[in-house]
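> Chain residues, written in single-letter form:
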Amino acid sequence: MITTEILVIGAGPAGLMAAIHAAEAGAKVLLVERADRLGGQLIKQTHKFFGSKAEFAGERGMDIAEKLINQSSDISGITIWKNAVVLGIYPDGVVTISYEGAFCTARPKKIIIATGASEKTMAFPNNDLPGIYGAGAVQTLMNVHGVIPAKRILMIGAGNIGVIVAYQLLQAGVKVAGIVEAAPQVGGYRVHAAKLQRHGVPIYTSHSIQSAHGDSCLEGVTISKLDEQWQPIDGSEQYIAVDGLCLAVGLSPLTELLWQAGCEMKFAAELGGYVPLRDANMKTSHENIYVAGDVSGVEEASAAMVEGKLAGLYVASVLGHKKDSFTKEFQTAKSQLSALRSGPASVKICTGLSKVVLEEVG
Amino acid sequence: MPSQERFAKGPIALFECMQQIPCNPCADACPRGAITVKEINDCPSLNEELCNGCGVCMTHCPGLSIFVVDYTYGKDVALVKIPYEFSPLPEAKTVVDALNRQGQCIGTSEVIRVQTSPNKTNIIWLSVPRELAMEVRSIRLKKGGRS
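Chains as they are written, first to last, in UniProt numbering: chain A, 1 to 362; chain B, 1 to 147.
Think of the hints as simulated: they come from the structure by calculation, not from any bench.
Just so you know, not all the hints are guaranteed correct.
[As the list claims (entries may be wrong)] Across the chosen pairs, the derived CB separations fall in these ranges:
(1) A/H145 x B/C43: 21 to 27 Å
(2) A/S342 x B/P2: 40 to 46 Å
(3) B/P31 x A/D74: 28 to 34 Å
(4) B/K120 x A/T105: 44 to 50 Å
(5) B/C43 x A/D36: 54 to 60 Å
(6) B/E5 x A/S211: 21 to 27 Å
(7) A/G93 x B/Q102: 46 to 52 Å
(8) A/A269 x B/D42: 48 to 54 Å
(9) B/K120 x A/A269: 45 to 51 Å
(10) B/P2 x A/Q229: 40 to 46 Å
(11) A/K323 x B/L89: 31 to 37 Å
(12) B/K75 x A/E119: 36 to 42 Å
[Unchecked claim] So these bits of chain A aren't anywhere near chain B, every CB distance computed over 12 Å:
(13) Q41
(14) P91
(15) V147
(16) Q171
(17) T222
(18) L226
(19) M265
(20) Q336
[Unchecked claim] With a Cα cut of at most 30 Å, we get these calculated DSBU-like pairs of lysine-lysine:
(21) A/K151 x B/K143
(22) B/K38 x A/K348
(23) B/K142 x A/K175
(24) B/K120 x A/K151
(25) A/K120 x A/K348
(26) A/K334 x B/K38
(27) B/K38 x A/K67
(28) A/K82 x A/K28
Note that the structure is a prediction, hence the values are computed from the model and not measured.
Quick reminder that beta carbons are idealized off the backbone N, C-alpha and C, glycines included.
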């Protein structure tokens, strides 16, 4: 049985920040990560981040990952396990972990769950043809392994992930046949869409995919225009020859561990699906379980990092590790988060949060 | 949009950043304090007298939405600086296709200078016909090069 004060599950932007800030305050942290490397999705993000200086704005995601990974490795209070999958959280507080093939148990005093989110997919005929990818897979191939996923690709979804990955595809030398978006307008930041448009990439708003075609692999797709009720308009079909199709149609929080631990959950479509109820200090309905990042609602990485910091600082303080600067740092991070969420681009997120964030106690 | 009088004084940054999103690296980047983003979701506002068109903000902008235009560059041509994150980079003194905001080729342009940046957002200085200075926002390399 491994004993530790804080177990952080997931080493993406939220988990890394939580571990760093808890350990800096003096807590002993075990940081477990399912993948063979730290950083989560940050390591694939070759674009510069939005936000303010405090969230590393203007720096590229992969460079932010490097900074956080180095920081977490330099702090003696953090033990890092890669290739470690948390299997379950039990009523007696025991957590079971598969670590490099061995079955381990741990009994942490507090747990911060930062497992992130997984990609949604779409149902259409032949959606299992080779050449059809999620945006995360496209980024992993291109930006982690240096492999181009296709010669000519069509992107489905003009949210921030769709427009960002389409731009990264152009940078990798892949032809982007267009971006297809069911909504009447681009959901991602307009500046991202503008980058694509000035390279001649068409954006088909109020359009959706009808089917994919090909014998042994993808050869083309049919898209059609949607009416005001989002129904395909007969006769509007057009065929686009592509050998790649990339789906960027949203993310769902990875909440299995929260369900299993008995945390109270609620459906909030604005946040990507079921998320845990929690207070403003990131504590769930379970006395010892906290959350940070996309698992508590799909949002930008900048917000995930600040949530991680809040959770890390707060959990450490509950365990008696309270830096002199705690109140100031904690309040600054909270103001940072509400500033990030104060604009029109965050209205949807705030609607979702209003359903699941309990009133602050104390 | 700066006035004709301001354009007549020399290079100036143009912000094609019209949507309120949480972002302010341009304000931190400006060495002259010419850029203000009051609340983080506000669009940037420029003090046109302080801006000298140096282009430092262009390398920091995550949206690649800042350009510099200098109408005093030549008699028939203006200088347009664009951010560029593609490989290979164009070479100075070569001619490239000039693209507008919709990616349409609207003419050709000579590359005057290529300013590389450690953060990989490079700045390309283009000489373009004056009447196209408000249109040219991207390039495509000739001879099989891609944009």
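> Each hint: holds or not?
Do the hints match the structure? See the list:
A/H145 and B/C43 have their C-beta atoms about 38 Å apart, which leaves the hinted 21 to 27 Å range violated. In this structure the supplied range 40 to 46 Å is violated for A/S342 paired with B/P2, their Cβ-Cβ distance being about 29 Å. Roughly 32 Å separates the CB atoms of B/P31 and A/D74, a value that falls within the hinted 28 to 34 Å. For the pair B/K120 and A/T105, the beta carbons lie near 45 Å from each other, so the given range of 44 to 50 Å is met.
About 42 Å separates the C-beta atoms of B/C43 and A/D36, a value inconsistent with the hinted range of 54 to 60 Å. Between B/E5 and A/S211 the Cβ separation comes to about 58 Å, which falls outside the hinted range of 21 to 27 Å. Separation of A/G93 from B/Q102 is about 59 Å and departs from the stated range, judged on CB atoms against 46 to 52 Å. For the pair A/A269 and B/D42, the beta carbons lie near 29 Å from each other, so the given range of 48 to 54 Å is not met.
For the hinted restraint 45 to 51 Å between B/K120 and A/A269, the CB-CB distance of approximately 37 Å leaves it violated. Between B/P2 and A/Q229 the CB atoms are about 45 Å apart, so this pair conforms to the stated range of 40 to 46 Å. Range check, A/K323 to B/L89: Cβ separation about 46 Å, and the 31 to 37 Å hint is violated. Range check, B/K75 to A/E119: about 55 Å between beta-carbon atoms, so the 36 to 42 Å window is missed.
Look at A/Q41: its CB is around 17 Å from the nearest CB on chain B, clear of 12 Å, so calling it non-interface holds up. No beta-carbon of chain B is positioned within 12 Å of the beta-carbon of A/P91; the least distance is around 40 Å. With a minimum CB-CB distance of about 17 Å to chain B, A/V147 clears the 12 Å threshold, and the non-interface call stands. Here A/Q171 does not stay apart from chain B, with its beta-carbon only about 6 Å from theirs, under the 12 Å limit.
With 12 Å as the threshold on Cβ separation, the claim that A/T222 sits away from chain B holds: the shortest Cβ distance comes to roughly 24 Å. Distance check on A/L226: its Cβ is at least 23 Å (rounded) from any Cβ of chain B, clearing the 12 Å threshold; non-interface status holds. With a closest Cβ-Cβ approach of about 28 Å to chain B, A/M265 is found to remain outside the 12 Å limit, as its non-interface label requires. Separation of A/Q336 from chain B is inadequate, the least Cβ-Cβ distance of about 9 Å not exceeding the 12 Å criterion.
With a C-alpha separation of about 19 Å, the suggested pairing of A/K151 with B/K143 holds against the 30 Å cut-off. Distance check on the hinted pair: B/K38 and A/K348 sit about 23 Å apart at the alpha-carbon level, within 30 Å; holds. Pair hint B/K142 plus A/K175 holds up; C-alpha atoms about 16 Å apart against a cutoff of 30 Å. Restraint check: the Cα-Cα separation between B/K120 and A/K151 comes to about 24 Å, which is no more than 30 Å; the hinted pair holds.
Restraint check for A/K120 and A/K348: the C-alpha separation of about 18 Å stays at or below 30 Å, so the hint holds. Between the alpha carbons of A/K334 and B/K38 the distance comes to roughly 18 Å, so the proposed pair stays at or under 30 Å and holds. Pair hint B/K38 plus A/K67 holds up; C-alpha atoms about 28 Å apart against a cutoff of 30 Å. About 17 Å separates the Cα atoms of A/K82 and A/K28, which keeps this hinted pair within 30 Å; it holds.
Hints 1, 2, 5, 6, 7, 8, 9, 11, 12, 16 and 20 from the earlier list are contradicted by this structure; the remaining hints agree with it.
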